[in-house]
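**Student:** What follows is the residue order along each chain.
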Amino acid sequence: MNIETNLKTLIVKNPLKLDCGKTIKDFPIAYETYGSLNSQKDNAILVFHALTGDQYVSGTNPVTKKDGWWSYAVGPGKAIDTNKYFVICSNVIGGCMGSYGPSDLDNENGNIQGTNFPVITINDMVNAQYNLLDHFGIDKLFSVAGGSMGGMQVLQFISNFPDKSKTVIPIATTSSHSAQNIAFNELGRQAIMADSNWKEGDYSSNNSNPGKGLAVARMAAHITYLSQKGLQEKFGRKLQEREDLKFGFDADFQIESYLRYQGSVFVDRFDANSYLYITRAMDYFDLAKQFNGNLSDAFKLTKAKFFIISFTSDWLYPTQENKDIVIALNSIGADVGFVEIESDKGHDSFLLDVPDFLNALKNFLDKSYEEN
Amino acid sequence: MKNEFNVIADLIEKDKKVLDVGCADGILMKFLKDNKNTNIRGLEISKEKVQECVAKGLTVIEGNAEKDLKQFPDKSFDYVVLSQTLQAFLNPELVLNELLRVGKKAIITIPNFGYWKVRLHLLFKGTMPITKTLPDEWHNTPNLHMCTIKDFVHFVNSRNIKIFKSIALNKLNASLINERNLGIKNLSADLGIFLIEK
Numbered sequence: 014m015n016i017e018t019n020l021k022t023l024i025v026k027n028p029l030k031l032d033c034g035k036t037i038k039d040f041p042i043a044y045e046t047y048g049s050l051n052s053q054k055d056n057a058i059l060v061f062h063a064l065t066g067d068q069y070v071s072g073t074n075p076v077t078k079k080d081g082w083w084s085y086a087v088g089p090g091k092a093i094d095t096n097k098y099f100v101i102c103s104n105v106i107g108g109c110m111g112s113y114g115p116s117d118l119d120n121e122n123g124n125i126q127g128t129n130f131p132v133i134t135i136n137d138m139v140n141a142q143y144n145l146l147d148h149f150g151i152d153k154l155f156s157v158a159g160g161s162m163g164g165m166q167v168l169q170f171i172s173n174f175p176d177k178s179k180t181v182i183p184i185a186t187t188s189s190h191s192a193q194n195i196a197f198n199e200l201g202r203q204a205i206m207a208d209s210n211w212k213e214g215d216y217s218s219n220n221s222n223p224g225k226g227l228a229v230a231r232m233a234a235h236i237t238y239l240s241q242k243g244l245q246e247k248f249g250r251k252l253q254e255r256e257d258l259k260f261g262f263d264a265d266f267q268i269e270s271y272l273r274y275q276g277s278v279f280v281d282r283f284d285a286n287s288y289l290y291i292t293r294a295m296d297y298f299d300l301a302k303q304f305n306g307n308l309s310d311a312f313k314l315t316k317a318k319f320f321i322i323s324f325t326s327d328w329l330y331p332t333q334e335n336k337d338i339v340i341a342l343n344s345i346g347a348d349v350g351f352v353e354i355e356s357d358k359g360h361d362s363f364l365l366d367v368p369d370f371l372n373a374l375k376n377f378l379d380k381s382y383e384e385n
Numbered sequence: 487m488k489n490e491f492n493v494i495a496d497l498i499e500k501d502k503k504v505l506d507v508g509c510a511d512g513i514l515m516k517f518l519k520d521n522k523n524t525n526i527r528g529l530e531i532s533k534e535k536v537q538e539c540v541a542k543g544l545t546v547i548e549g550n551a552e553k554d555l556k557q558f559p560d561k562s563f564d565y566v567v568l569s570q571t572l573q574a575f576l577n578p579e580l581v582l583n584e585l586l587r588v589g590k591k592a593i594i595t596i597p598n599f600g601y602w603k604v605r606l607h608l609l610f611k612g613t614m615p616i617t618k619t620l621p622d623e624w625h626n627t628p629n630l631h632m633c634t635i636k637d638f639v640h641f642v643n644s645r646n647i648k649i650f651k652s653i654a655l656n657k658l659n660a661s662l663i664n665e666r667n668l669g670i671k672n673l674s675a676d677l678g679i680f681l682i683e684k
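These protein sequences, in sequence, are chains A and B. Here this note's numbering is used: the first residue of the first sequence is 14, the next is one more, and so on. Here this note's numbering is used: the first residue of the second sequence is 487, the next is one more, and so on.
Hints may contain errors.
Here are the simulated distance ranges between beta carbons [said to hold, decoys possible]:
id, chain 1, residue 1, chain 2, residue 2, range
1, B, Glu534, A, Leu365, 48 to 54 Å
2, A, Gly150, B, Lys648, 54 to 60 Å
3, B, Glu579, A, Lys313, 31 to 37 Å
4, A, Lys54, B, Phe641, 53 to 59 Å
5, A, Asp176, B, Asn659, 45 to 51 Å
6, A, Asp80, B, Phe641, 57 to 63 Å
7, B, Leu576, A, Asn96, 46 to 52 Å
Listed next, the in silico SDA-like pairs over lysine to any residue satisfying Cα-Cα at most 20 Å (straight line) [to be verified]:
id, chain 1, residue 1, chain 2, residue 2
8, A, Lys318, B, Lys502
9, A, Lys336, B, Lys502
10, B, Lys542, A, Asp369
11, A, Lys35, B, Leu606
12, B, Lys535, A, Lys316
Output of the computed footprint for chain A on chain B, the stretches with three or more beta carbons under 8 Å from beta carbons of chain A [unchecked claim]:
id, region
13, 529-537
14, 641-655
FYI, nobody ran anything at the bench for these hints, they're computed from the structure. We put the beta carbon where it would ideally sit given N, CA and C, even for glycine.
All chains, full assembly: derive it from the sequences and hints.
**Tutor:** Given below as structure tokens:
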């Protein structure tokens, strides 16, 4: 990974006991911030990224040279207005953008950890990121927000730290990873591990890279982020730079070419082992199970104001799974609002220019901040 | 509309927890929040209306009263308000039972089909009545189960629902309904407002 040298990193001194039983300490968390923290320190929003995201929420990502992953939502004058709010986002542990992950060296033997890296969970990610609050001297965040796996971290955060955020915004997410989603993640992992260049996770020291496997994993996952209607409208049966079918296995269709492109650019910025670890963390996520099957208990200590958002065409984290969180909150009388946004952009809607979504997000944040 | 809100607000004590079912764009919610300091939530089926509520800083859940009230525990609100919507449900009795389960008390307002203008409209024009509170035509009205104030009173009495207060509203005039004046109020009011409990 080609990471800039001016990467902002917090070295966490406190030992962190992971769910797998192992304890880590003196590990790095790479983060980025946008906007400025006010003197009362009450305008901070901790944003959590999704599976393949990173700390570069807005502006230009220095690694990919593309817009930050949530540029539609975060920035000056945007829904999460950085003229007003101080936005913090960090790379999850297990990731490959500077936070402690499988491509880091083992302190004891100096080898790249690969699959010797401990299996981490959403809970571990959140506990690691909590150190950022102390780092910035923030007693209470104004909000925690994130979509997809970011939403899982939002839910875990407020469960672990019930009085550490005034508002809570889980988007297009779930409280418990479904069989379908575990299945898709397993498909991705198997694609990586089936690549002979994976070498049991020890590809770096063998100077190889399971790029083909990782690209296939990305291609499969990418389909799940879109909707049938969206795909049909964008691509249909359009052919790729050709007049007719070629009777071969080249990319005849635009959709094939598009997926191949998505796979190839992903390989340039993402580590295969990180993909294994992060998808595993998602699969292990079951917040209700942490509370003996009662999801409401995860939230009973918090007085935070929740706003849950889902999308009509999201079949990966469908409205019903988001509504289950609303129901759990209502059953304990928590302060919760919910809206399902009409969009045919599938699960990816939360990352895209969907005005109804961005307006709802902006209005909720700004009105809640006024009430402060 | 405003007068209906004033009457509803008068029925609600300060600092209570209130659920507005079918809260539309949240005008009543805002009114109660500002005037009665209520901890107020809304349930609304229309995405556009939910957006308008969010823009007003109101806590609203997008949902359907016939399906989504069941997620609220028994007596989890001091009051549940249903303004001019009961007649639009497929199964008003089911919704009414849910309102009375979720709320310690319920405030129901109904457009009165016994209002004299409604009666005259049907009698003389021979077409479905159109009034201020019933503005739609027969083919596009959301109202499936129109009733009169008298119908509603008979209905709740037959279901052992306790009526604390019944108010007849005619434009700006609000007056109490009792057993003796029920016939008259059923003629003179275009809106009935009931504070009930089960």
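**Student:** Honestly, do Asp80(A) and Phe641(B) meet the 57 to 63 Å range at C-beta?
**Tutor:** Once the Cβ atoms are compared, 60 Å apart, the range 57 to 63 Å for Phe641(B) and Asp80(A) holds.
**Student:** Does the hinted range 48 to 54 Å hold for Glu534(B) and Leu365(A) at CB?
**Tutor:** With Cβ atoms ~20 Å apart, the hint is violated.
**Student:** Between Glu579(B) and Lys313(A), does the beta-carbon spacing fit 31 to 37 Å?
**Tutor:** At roughly 34 Å between Cβ atoms, Lys313(A) and Glu579(B) fall inside 31 to 37 Å, so the hint holds.
**Student:** Given as covered by chain A, does the region 529-537 of chain B meet the bar of three residues or more with CB within less than 8 Å?
**Tutor:** holds (count 3)
**Student:** Is the straight-line distance between the alpha-carbon of Lys35(A) and that of Leu606(B) 20 Å or less?
**Tutor:** Violated, at roughly 81 Å.
**Student:** Count the residues of the region 641-655 of chain B whose CB lies closer than 8 Å to any CB of chain A, then report whether that count reaches three.
**Tutor:** Contact hint for the region 641-655 of chain B vs chain A: violated, 0 residues under 8 Å.
**Student:** Just to be careful, I want the Cα atoms of Lys336(A) and Lys502(B) compared with a cutoff of 20 Å; is the pair within it?
**Tutor:** Status violated; Cα separation ~26 Å.
**Student:** Keeping to a limit of 20 Å between CA atoms, is the pair of Lys542(B) and Asp369(A) held or broken?
**Tutor:** 15 Å, holds
**Student:** Assess, step by step, whether the Cα of Lys535(B) is no farther than 20 Å from the Cα of Lys316(A), and give holds or violated.
**Tutor:** Violated. Lys535(B) to Lys316(A) sits at ~26 Å, over the 20 Å cutoff.
**Student:** Would you check the hint for Lys318(A) and Lys502(B), treating anything up to 20 Å between C-alpha atoms as holding?
**Tutor:** 18 Å, holds
**Student:** Does the Cβ distance between Leu576(B) and Asn96(A) fall inside 46 to 52 Å?
**Tutor:** 48 Å, holds
**Student:** Per the hint of 45 to 51 Å, is the separation of the Cβ atoms of Asp176(A) and Asn659(B) within bounds?
**Tutor:** With a Cβ separation near 50 Å, Asp176(A) and Asn659(B) satisfy 45 to 51 Å, so the hint holds.
The structure is inconsistent with the numbered hints 1, 9, 11, 12, 14, although it conforms to all the rest.
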